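Grab the two chains, each in its own frame, and use the hints to assemble them into the complex.
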Amino acid sequence: MKKQNYLSGYVINFIACAALIVFSAVAGTLGFSVKLSTIIWQCCYFIILACSLNLVLGFLGQLSLGHCGFMAIGAYASALISLAFQRAGFYTEKSGPQFMLVLIICVIAAGLLAALVGLIVGIPALRLKGDYLAIITLGFGMIIVNVINNLPFCGMDGLSQGSASSALYQTGLGFILNQLTDYLWLPVTLMVLCVAAMFLFIRSKYGRAIRAIRDNEIAASASGLNVSYYKVLTFVFGAFFAGIAGAIFACCNSSLTTGSFSFTSSSILNSTFIVVMVVVGGMGSLTGSAVAAVGMFMLNYTIKNGKWVESLPEFLQMVFSYPMLVYSIALIIVIIFRPKGIFGTYEFSLRRFFVSIPKLPQMIKNRAAAKKEKAEVAENE
Amino acid sequence: MSERIPVLKTEHLGITFGGLRAVSDFNIEIYEGELIGLIGPNGAGKTTVFNLLTGVYQPTEGSVYLCGEKLNGRKIHQFVDAGIARTFQNIRLFSQMTVAENVKVAFSKDIKYGMLSSIFRSPAYWKTEREIEEKAMNLLSIFKLEGKAGYLASALPYGEQRKLEIARALATNMKVLLLDEPAAGMNPTETAELLECINIIRERFGVAILLIEHDMSLVMNICERIQVINFGQTIARGLPEEIASNPEVIEAYLGK
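Quick note, the sequences are listed as chains A and B, same order.
Last residue of the first sequence? That's 550 in my numbering, and every number before it is there in order.
Last residue of the second sequence? That's 459 in my numbering, and every number before it is there in order.
Pulled out of the complex, with its shape left as it was, chain B reads as follows (with noise of 0.2 Å):
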């Protein structure tokens, strides 16, 4: 059997802010179907980290490698066609815009009608319609969110809104999917569905997923492997168990 190719691979992955390395000789392999953790004390550079993954940040060394292709020098939304979809720390939704509405927008570049279809209201017209509306609430009862698909976004309940964002990041059809803090403000309650979800997507779409996470028992609970990192530089890598008794990712997180 030929050696797999990682759907995801940095190489010496790092950015400077004028004086200041925020990241670092980053590297990381995610292999398909794979649930890593990326963890770090604050401003360690773990959203520095995804804005690179994600195209918001042009690195200025190293390279992001999405199943053997170079993505470097791309914008952000060509980085979501080649396959990378993530969510963010403070939750973006279109608030203005329902439910439906907001994982029909993920669907857009599948879309192909054009202008003039669109104004004429062609058979492509409709046929595309109707698919996209069907593909929506399917995705959104996976979430449990099909009775809420009329709600406008911003009045769901924090935990719905998080569900809701994987489920737009999920609509773009990507093979890797960033989520950067899900967890965040949830209380035990949410946080247990929203691991349920995690587990649901893993196995309906088997895409990897690299996590951000504070909450250490959803970390420890569900990574295959963990990266952590501080001050930009990976102090150590491996499965949840050494993570935890490894001395310098203690010191990272207690001091000495």
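Bound conformation, chain A alone (with noise of 0.2 Å):
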């Protein structure tokens, strides 16, 4: 009965996940404008960066302030190795075979560097708890944006006189206008395969072992728990993810500048910024952090293009031409009213949806006798 349960539940998120990419692969032929499909480039990357820091934030108790920094590395990584296949004359234009397997090529090395750097970056930093592992993993997000600015072959300079930048998008894999739209699977087939890695992850022994961790430490490592083993082992995996969000960056993106991964960035590509979706989100849950990545991102999208602003009154034209101020209130709000994020430890399930809504009406009903039921206790007293 409960393998049946998962067998079924499989099936359906395996049918729901291929329709979401033929759909995202068809995308071009619906007539998807390029500025949707910006959109939807930006908001998988989103998803994959807040679920990767939630691994480590809400499911392994850790706060890393530094997330940014390995989805620079994945972004710089997929970029050069890009235009280091391109200058070697394995492909000449982007579309085709060798193309293809370029592609696979920069994402999954995009990855594991990311996750060799979170490697050698977790070893000494996770030994730190609380306050101090926040501060130097923020002090190595720094590290790692100005390693990278100093590098001859990919610095600010390097990439801005003409190496990568410009050349970034005529020859690499940084798409432009119509390619964003052609291209749109490539990011929701490596966002659905990254939720779902992720998701599969937290629903095993290492899962559990984290969430051990997370609730009591010392308990951990007295139920045979390798606690420093599986604390790097998380962040690694993180740190993965983060990469290959850095992959999707770099293709979504025409340049590449240190300066939109950098800790002091005002956008909302910022560390700090993806721990806010985590907690918002609720740490322990992915559903709540994709959530909260799409609904985050599209927030500040539109402050900054949308026309509901000038709607508002004069007051909060004002307060919304600050936009990390709406966001600082939003956050307090749902910390107030949701001390949790908005889904808690709450994960949805597809399967879970489908059983329950043949049961809705009975539930409503339900619902309305137990109303019923209180309302004539209370008239009776």
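Rather than coming from a laboratory, the hints here were simulated on the basis of the structure.
Bear in mind the structure is a predicted one, so any value in this text is a computation, not a measurement.
Take the hints with a grain of salt, since some may be wrong.
[Said to hold, decoys possible] The list that follows gives simulated cross-link-like pairs (lysine to aspartate or glutamate, DMTMM-like), each with its CA atoms no further than 20 Å apart:
1) B:K347 to B:E399
2) B:K312 to A:E386
3) B:K338 to B:E304
4) B:K378 to B:D313
5) B:K212 to B:E264
6) B:K278 to A:E386
[Stated by the list, open to error] From chain B, some residues computed to sit far from chain A (all C-beta separations above 12 Å):
7) T263
8) G271
9) K273
10) A387
11) E393
12) A395
[As the list claims (entries may be wrong)] Interface residues of chain B toward chain A, partial, derived using beta-carbon atoms under 10 Å:
13) S321
14) E363
15) I438
Beta carbons are placed, not taken as given, at the ideal position from N, Cα and C, and that holds for glycine.
Have a look at this one:
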């Protein structure tokens, strides 16, 4: 019975994912605008980023403020590798099997390189806890960005002086305009695969172990868990997916600058902002992270580009001209009314959703009956 | 018949914190299936002894042997791998996890499937998970907790949290079980239930148990031998009756 439940769950999820990917693959023929495609690209990497940080922050319970550093590594790795292939004459135009191969290599290499750096950073950093860990990861995030800045082949100057920056979108894997719509399947597929992998990870012995470590580290080690191993493993696993998110970022941008990954970056792509997404969505819920990532991104996007801000009273318009102020107020509201985040530790399940649909009328009836009874009791009193 | 090897043995075990000798020259031998009580007034160093026996502290002198194997210098989880499990004086459960998951965590070290198996849900994954589910439920049923397997650990009443902690310790498949004040804060009924549990554990698992306890009636009732420490020094060891009439022990507890 139980296994059947699992099996039907997998089948339903698999069909849903496949449908999503197919839908994104034919997006070009459905007449998706470039604007819409760009939004989807951005949502995809934000979802991966928030979910991967949730592994470290929500499930392992360690505050890391350097997540965008790993993303930067992924972005630069994939951009430079694709350029190297292009210069070597491996592919000439952005289509065909050879380009696909390069694309796959770039994405995997981005993840692996970020994971490697995650390992190097994680081993010393995860000896610390709490605020100290936050500070050291913050530092590492900045160090990574600075190192990239000063590497001769990919630095700030290097890229803007034509070695990669402008070349990226002409010849590398940076997609522009219609290509963004044509390749929409790429971020969607990666997002589905990454989130699925993370979900399966937390529903295995690893997930149990890291949640145990979050709840009580001493008891976890007294139950035979190698605490530092699991901590580093989860950190590296999270960094791997941040790297993949970086690869997607590199694809949907025509040029790369380290400024967009730095801690002082005022855009939404900022390590603290990813932390906010995880906290708002619910620490310990991948569903929450995904929803919050899309929600916060859309909030940011519409504040900057939407017309609805103009219809607000003048006072509010002034507030909205400082978006960061709006996010902090939103965060405070969420923390006050839902301290565990919007979803807490709840995970959405398609199977449960479908099972509950036929029961819905009954549920509503029951609730109405309960309400009626309550009212009658109150009346009698 | 050859000489029996003690399951757990310490030789001149001691630790100093700065200038303070918390425990010194602690010797104990526990044989298979034995139940030994460790008592002493508050601050005598009982929990420090437990921390030394489980690798939380590294001893500054002496050594710990498990079945003749020296355990000095190992990490906490390696002590558990070797076969020493413990419970805590102040309950330490994984409060945001279910009762069943609490026990399953302790099985982790025996789970062989790796990262790829868990992501691709290989047959090995299903097989182990099913086995573990079964083992966990068996263990919970010993403590009559199987009906609450889906509850959050923090939702259990105090007495059952204690039991769950013992169940989790048993899941590590240990040779020696260290119980740190299992009856603390329990009412007489709960203590009686605990006593029953301990007896069941001894029957079913045949493990050696070292028990710290302040409830003297419990200690005198079930312990085969008792060791008394005060200010980190062993002041008496022997059978319960001997301990109860030992003048030094009475002095340590009541003063002159």
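Earlier hints that do not hold, by number = Violated: hints 14 and 15.
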